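Chemist: If you read the sequences in order, they're chains A and B. In terms of this note's numbering, the first sequence opens at residue 605 and continues consecutively. In terms of this note's numbering, the second sequence opens at residue -19 and continues consecutively.
Be aware that a few hints might be false.
Claimed, not checked - Partial list, derived from the structure: chain B residues whose beta carbon lies under 8 Å from chain A: (1) G2; (2) V72; (3) F74; (4) P89.
Claimed, not checked - Computed footprint of chain A on chain B, listed as stretches where at least three residues anywhere in the stretch have a Cβ under 8 Å from a Cβ of chain A: (5) 3 to 10; (6) 34 to 43; (7) 53 to 62; (8) 93 to 100; (9) 109 to 119.
As the list claims (entries may be wrong) - When the alpha-carbon atoms are kept at most 20 Å apart in a straight line, the in silico DMTMM-like pairs for lysine to aspartate or glutamate are as follows: (10) B/K42 to A/E650; (11) B/K43 to A/E650; (12) A/K916 to A/E639; (13) A/K890 to A/D922; (14) A/K890 to A/D656; (15) B/K110 to B/E121; (16) A/K808 to A/D851; (17) B/K43 to A/E639; (18) A/K890 to A/E690; (19) B/K25 to A/E725; (20) B/K29 to B/E45; (21) B/K42 to B/D85; (22) A/K658 to B/D57; (23) B/K117 to B/D57; (24) A/K808 to A/E852.
In case anyone wonders, no lab produced these hints; they're calculated from the structure. Note that the coordinates shown come from a computational prediction; the quantities given were computed from them, not determined experimentally. Using N, Cα and C, we set each Cβ at its ideal position, and we do this for glycine too.
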Amino acid sequence: MSRTSVIPFGPQHAAFLEPFHLKLQVEEEVVVGAEMSFGYNHRGMEYAMAQDFKRTQFLCERVCGICSFHHSSAYVQTMERLFGIEAPERAKLVRMIMMEAQRLTSHLLALGHIAETVGYENMFMQFFREREEVMTLVNRISGGRVHYSMNAIGGIRKDVTYEGLKDIGETMDRLEPRLLDLRSIVRKDRTLRKRLIGVGVLSKEAAFDWCTVGPTSRGSGLPHDIRLTGFDGYGVNGVKFRPIYYDEGDCYARTMVRMDEVIQSVDLIRQGINLMRDGPFLNAVKGNPPAADAYGRVEAPRGELMYWVRGKNEVQLDRIKLRTPALVNVPAVSAMIKGARVADVGPITVSVDPCICCTDR
Amino acid sequence: MREDAATRSPWILHFDTGSCNGCDLEVWALLTPRYDVERFGMVNKANPKHADILLITGPVTKKSEQRLINLYNQTPDPKLVIACGDCASNGVPFLDCYNVCMGVDKVIPVDLYVPGCSCRPEAIMDAVVKGIGMWKKKVEEADR
Chain A
605 MSRTSVIPFG PQHAAFLEPF HLKLQVEEEV VVGAEMSFGY NHRGMEYAMA QDFKRTQFLC
665 ERVCGICSFH HSSAYVQTME RLFGIEAPER AKLVRMIMME AQRLTSHLLA LGHIAETVGY
725 ENMFMQFFRE REEVMTLVNR ISGGRVHYSM NAIGGIRKDV TYEGLKDIGE TMDRLEPRLL
785 DLRSIVRKDR TLRKRLIGVG VLSKEAAFDW CTVGPTSRGS GLPHDIRLTG FDGYGVNGVK
845 FRPIYYDEGD CYARTMVRMD EVIQSVDLIR QGINLMRDGP FLNAVKGNPP AADAYGRVEA
905 PRGELMYWVR GKNEVQLDRI KLRTPALVNV PAVSAMIKGA RVADVGPITV SVDPCICCTD
965 R
Chain B
-19 MREDAATRSP WILHFDTGSC NGCDLEVWAL LTPRYDVERF GMVNKANPKH ADILLITGPV
41 TKKSEQRLIN LYNQTPDPKL VIACGDCASN GVPFLDCYNV CMGVDKVIPV DLYVPGCSCR
101 PEAIMDAVVK GIGMWKKKVE EADR
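Generate the whole structure from the sequences, applying the supplied hints.
Modeler: Structure (structure tokens):
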């Protein structure tokens, strides 16, 4: 008869980038239960963001540094609906290109993180080497490596030049063969396969019940992607897009979803550049947000990101509410790690790509 | 002898006290091929008892305040604290938020501040290289 003991993980731990606390109940090597506690990152963003609707378009990027542009895109899209205006097509395409570029950085980070967690340092370095290529690219385009501050309510603040677009295209040409190489490594490599296949299985039904979104749900066979329905940019002029999903539901499936989406993002960026036409890029808004409510959704790297805003005819907003993908994905970890071994807790937690600054806000 | 050996490879402890992950990722970018801070002998260690330099990001939320103090106390002397980013330096993007302590220096003593939101890897590297000099002095003083 084995006794249940408790192993604490975090708030400061080698496997996690961010502070969150995980209490594992283990019987010998097997995890029988888990308790999570959050709040180490809670800064009171929703309160701060309701103070000034114009400054919020920059503050909302500070919710999360990994998906900052998705946050600001979701916010400006919501505000556009609230004001009842439409962003010009060029602005939508620029947003789409930058969102996909950020998805590249985020997914390469997640892939590198999982490689590092299973102890494959070499692979981690390779993913981060390619990630730096994208980081320097977005730095050249927007002027910032993490926070782009390119969005404005009604479009984008500054147009992307012809040289900038050419630069994006050339970087994608350089990047694609290397990413394909990395994909073939992830597909064939024995270390990753042995460590990830069959680990942390989340069935299709469980994924549905836990309301998972993004790569976590697509790894469990739910082809649910907001890029098909939510964000305006992917609709313009017919950007070709099909969600990627795997049926296995284990850590490896989630990793492969991310790996394939990286290649897909390169393709979407190319499509965006090809569809780009000269034209206006900003429909500026005047006045304060009306006393009504609106919501907007985008597909952030971790899944569906939703903003809901209610104005009150003043500079302040009555209420702003954001539902972040990590908030719904992280609790699903407790379903995945039941019955797993202690050594697999790291890879399982990292495979949903937890983002605590999004979760706590 | 000790100062020579010690200053050759200061080990880093990185702790996130509520930042947006921007600076954290730049700290990670430091450890990876492009910036490769390991050539100065720096290795990211998750254990405070092995660490010499604390890289702290984030404006220090009320909940992580006590954890930061614990980590600081567990790190052996001489140690160096670097506040990475604007919010770690003075908490500015989150001014008047109800749950933040407005900067690392309100909680523990800070030796170096890195500006920028988010701070660039070059800036962190600059701070870290300056920090090695300061840390060397601290080791010398401790030995005297």
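Chemist: If you look at each residue in the region 3 to 10 of chain B, do at least three have a Cβ nearer than 8 Å to any Cβ of chain A?
Modeler: holds (count 6)
Chemist: Does the alpha-carbon distance linking A/K890 and A/D922 stay inside the 20 Å limit?
Modeler: Given pair A/K890, A/D922 holds - Cα atoms ~18 Å apart, limit 20 Å.
Chemist: For the pair supplied as a hint, B/K110 and B/E121, confirm whether the alpha-carbon distance does not exceed 20 Å.
Modeler: Measuring from Cα to Cα gives roughly 17 Å; hence the hint holds.
Chemist: Would you check the hint for A/K890 and A/E690, treating anything up to 20 Å between C-alpha atoms as holding?
Modeler: holds, 14 Å
Chemist: B/K117 and B/D57: Cα distance at most 20 Å?
Modeler: Given that 20 Å is the threshold and the Cα spacing comes to 12 Å, the pair holds.
Chemist: Do three or more residues of the region 93 to 100 of chain B come closer than 8 Å to chain A, measuring C-beta to C-beta?
Modeler: holds (count 3)
Chemist: Can the region 34 to 43 of chain B be counted as covered by chain A under the rule of three residues or more with Cβ-Cβ separation shorter than 8 Å?
Modeler: That given contact holds, which follows from 4 residues of the region 34 to 43 of chain B lying within Cβ reach (below 8 Å) of chain A.
Chemist: Hint check: B/K25 vs A/E725, CA-CA at most 20 Å. Holds or violated?
Modeler: holds, 14 Å
Chemist: Given the hinted pair A/K808 and A/E852, is their Cα-Cα distance within 20 Å?
Modeler: holds, 9 Å
Chemist: For the hint on B/V72, just tell me whether its beta-carbon gets within less than 8 Å of chain A.
Modeler: violated, 10 Å
Chemist: State whether the coverage of the region 53 to 62 of chain B by chain A holds or is violated, taking the criterion as 3 or more residues with Cβ-Cβ distances under 8 Å.
Modeler: That given contact is violated, which follows from only 0 residues of the region 53 to 62 of chain B lying within Cβ reach (below 8 Å) of chain A.
Chemist: Would you check the hint for B/K42 and A/E650, treating anything up to 20 Å between C-alpha atoms as holding?
Modeler: holds, 17 Å
Of the numbered hints stated above, those contradicted by the structure are hints 2, 4, 7, 9, 12 and 22, listed in ascending order.
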